[in-house]
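Undergrad: With chain C fixed as given, assemble chain B onto it according to the hints.
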Amino acid sequence: MIGRIAAFTVVLSLLGCFLAPAAADEACADPLGCVAVEPEDPIAIGAMLVMSGAINYLGDDTLGGVELALLARDYSFLGHEIELVVEDSLCTAEGGQAAAQRLAADPMIVGAIGTNCSSAAQGAIPIISDAGLVMIAPSNTSPSLTNDDIAAGGSHLPGYFRTSQNGLIEGMRLAEFAALALKSETLATVHDGDPYTSGLARAVADTFAELGRDVVFEGAVNKGDTDMASILTEIAVHQPDVIYVPLFEPESNFFAAQMTHIPGLEDSIIIGGAASFSSSFPENTGDAAVGIYVSGPLVSGDAYDELLSQWVDEYGSDPPSGYHAHAYDATNLLLTALENVAVANDDGSLVFGRQAIRDAVAATKDYPGLTGRLTCREESPFAGDCSPGTALAVFIITEAEVYDDHWPPPVAWNFALDAFE
Amino acid sequence: MFKWKTDEFSWVDFTIDILRILIVLGVVVGAWNTLSSGRISFAQWVNLFAAGLSQGSIYALIALGYTLVYGILLMINFAHGEVFMAGAFSTVFLAEALNRTGFLNEQPLLAILLMIMFAGLVSMTVAILLERVAYRPLRGSPRLVPLITAIGASFFLQYTFRGLYGSGFKAYPQVRILQGAISIGDINIPVVQVFVFGSALVLMLGLYWLVERTRVGKAMRAVSENKEVARLMGIDIDWVIMFTFGVGGFLAGSAGVINGMFRPQGVNFFMGFIPGIKAFTAAVLGGIGNIPGAMLGGLFLGVIEAIGPNLVLAGLGIPGANQLKDVIAFTMLVLVLIFRPQGILGERLSEQKA
Chain C
1 MIGRIAAFTV VLSLLGCFLA PAAADEACAD PLGCVAVEPE DPIAIGAMLV MSGAINYLGD
61 DTLGGVELAL LARDYSFLGH EIELVVEDSL CTAEGGQAAA QRLAADPMIV GAIGTNCSSA
121 AQGAIPIISD AGLVMIAPSN TSPSLTNDDI AAGGSHLPGY FRTSQNGLIE GMRLAEFAAL
181 ALKSETLATV HDGDPYTSGL ARAVADTFAE LGRDVVFEGA VNKGDTDMAS ILTEIAVHQP
241 DVIYVPLFEP ESNFFAAQMT HIPGLEDSII IGGAASFSSS FPENTGDAAV GIYVSGPLVS
301 GDAYDELLSQ WVDEYGSDPP SGYHAHAYDA TNLLLTALEN VAVANDDGSL VFGRQAIRDA
361 VAATKDYPGL TGRLTCREES PFAGDCSPGT ALAVFIITEA EVYDDHWPPP VAWNFALDAF
421 E
Chain B
422 MFKWKTDEFS WVDFTIDILR ILIVLGVVVG AWNTLSSGRI SFAQWVNLFA AGLSQGSIYA
482 LIALGYTLVY GILLMINFAH GEVFMAGAFS TVFLAEALNR TGFLNEQPLL AILLMIMFAG
542 LVSMTVAILL ERVAYRPLRG SPRLVPLITA IGASFFLQYT FRGLYGSGFK AYPQVRILQG
602 AISIGDINIP VVQVFVFGSA LVLMLGLYWL VERTRVGKAM RAVSENKEVA RLMGIDIDWV
662 IMFTFGVGGF LAGSAGVING MFRPQGVNFF MGFIPGIKAF TAAVLGGIGN IPGAMLGGLF
722 LGVIEAIGPN LVLAGLGIPG ANQLKDVIAF TMLVLVLIFR PQGILGERLS EQKA
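Same order as they appear, the protein sequences are chains C and B. Number 199 in my numbering belongs to position 199 of the first sequence; there are no gaps in the numbering. Each number in my numbering corresponds to the 1-based position in the second sequence with 421 added.
Just so you know, the hints here were simulated from the structure itself, not pulled from any lab data. Note that the structure is predicted; figures quoted are calculated from it, not measured. Careful: at least some of the hints might be erroneous.
Which residues of chain B face chain C? A partial, calculated answer using Cβ under 10 Å [claimed, not checked]: (1) 468; (2) 469; (3) 535; (4) 594; (5) 609; (6) 652; (7) 689; (8) 692; (9) 696; (10) 728; (11) 729; (12) 735; (13) 746.
Sample of chain C residues with no beta-carbon within 12 Å of chain B, all distances over it, derived [what the hints assert, rightly or not]: (14) 36; (15) 77; (16) 101; (17) 102; (18) 105; (19) 202; (20) 252; (21) 346; (22) 363; (23) 408.
C-beta: ideal position from N, C-alpha, C; glycine also.
Excised from the complex, chain C in its bound form (with noise of 0.2 Å):
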């Protein structure tokens, strides 16, 4: 008798295992698929931030950003915990591609926040998009992110976003500031070779032409050189007013500290992109940081002192970067997304259509964010862009930042309110 209901039990068992998905698809009409989240479940949201690394402090600084904006709702979304799983993206293809990977393993995440690095956000993609998962990015402006023309170089693909500002924009305003606040003639550029540095040097140099000034020199150091000293003589044969280095650090300690012992190049100005925007560069530089420009997100207004009190109470300490506001919008374009398109069941389920939360974010318009208000574009080379680009401003390092660890520097140009003569 016992052996038979056990029997029966099993076979009960093996039928609810094959019945129970087909009554998940039935419900599901969306065509990516659906995450369907039990009564007693969390809701799961990815973070795909550089964790670990030279640059960990960009990761933290997201962190920060995501968990305030998590916290502001208490962890808890329509009845439901919010659960975080947070993979190390590393600041490499491949670190986002594996990052990628763990995620869309993960049947009940419904969405992620990153990456932090362009060149991870290139390895994560392709995974993201094939899963049906979006991803919104708070610290990517690689411009071929968001640019769907493969034979161009673009790497977009359906489900990525970000609020970070796109670099094509920074690069036209740095190489407006370039030309036209310091009144420069001639430009050298340097990158490394990552999507970030290349795409943000490339756009500076483009628009500089524009302007009618000469570009004299756009070169290259590979990652992981310390020595300058070859690359800066070539550049002072050229003497530029202007050389623009978006370089991560240490290559731009490395650069910035070299080249005050080349001669050729005493008058020159350097301006450093967002990955030296960090306490830690004119710290690791010494002197020669003195002076330097280096661009950076600014985010101003009650709601961001706000935040940012709730930071200090929170962690103790300042942001140790300037994206955290990039990533608490970036988390709650998410979770606003995802409440437009939940469907709740009497039992307290939650059912969550893959294709309509990429609708819903794509639908994202006028937003009112930290960094502004936020509309995400779908037109090429601006695709899945959702920064409204104005919360950007060039700094200048001074002795203050350099010795005394005041962080963050005066502010040079304020994009949003400075005027160009």
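TA: Same frame as chain C, but now just chain B:
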């Protein structure tokens, strides 16, 4: 000069000779184009040379560790780059502390000496432990076994230090006395480069004295010549080998601090890998197992790396010449292995041994 002309004709010899001619021609044409264009001023060449000499001094100090160990055990200690990293990475915290207290700039020479001693001791300890734990049990095994062990030890040390100090980058604080430059006409040589070259020279001469003029040095040379005979003469082979690893480690640690004065940034767990490979190249260039050869090889490699891209590659119109710095270093290694496998001073060593 041309082997295929004197001996029986061989296509291999012929091809190698053609390669020789092409390389010499490339170097001459590239250098001629660059120098005749006058793009780079004399002051800039001197600057590149001085930077190369400083970088080469650091390679030379690390290369001495490779060459000492090879000379005595006929093994390549591929973990030696990590021995350099161990001293440099550990001492950055001491340097920060000395800077915070103000001691670094109040008593700079004493502070630097303290840092060199500390880094030297850390690296020496790591090198001795490496020998005792990883290499000694394998003595007498086929040569491939300690080589593979050394590669494993290299990774082990990297990730141990990553675990100890984290994966972020640190930087040595600036020493005020080493800032600025010595001016001779239009030429400005940074003080720090003079310091790097000078202190490396002192350490190299110290090592030469130790090996050539002391009893322990004589024991090292005896073990290097013939271990069994040295043992019969009453020399404690194990102790001498351990001492040799210790000396190589001390030099590598010192190089770590000197490197920290020269290029203060980029201190992390992976920082020993490339200098280690370059130093190995320098040791082979100079003639591995030969102490003056390692010194000369290091200096030569540093200067070639600094000047080569701008002098030869840019003159040949190769774009991104500065990115090919490492190519020059490793091409030198390949060329030496093809044309003079014993290295620049290798012959003198074999004559002495004979």
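Undergrad: For each hint, tell me whether it holds in the structure or not.
TA: To see whether the hints hold, each was checked on the structure:
no. : hint : in the structure
1   : 468  : holds (6 Å)
2   : 469  : holds (6 Å)
3   : 535  : violated (21 Å)
4   : 594  : holds (8 Å)
5   : 609  : holds (7 Å)
6   : 652  : violated (44 Å)
7   : 689  : holds (7 Å)
8   : 692  : holds (9 Å)
9   : 696  : holds (9 Å)
10  : 728  : holds (9 Å)
11  : 729  : holds (9 Å)
12  : 735  : holds (7 Å)
13  : 746  : holds (6 Å)
14  : 36   : holds (39 Å)
15  : 77   : holds (34 Å)
16  : 101  : holds (22 Å)
17  : 102  : holds (20 Å)
18  : 105  : holds (25 Å)
19  : 202  : holds (15 Å)
20  : 252  : violated (9 Å)
21  : 346  : holds (50 Å)
22  : 363  : holds (40 Å)
23  : 408  : holds (20 Å)
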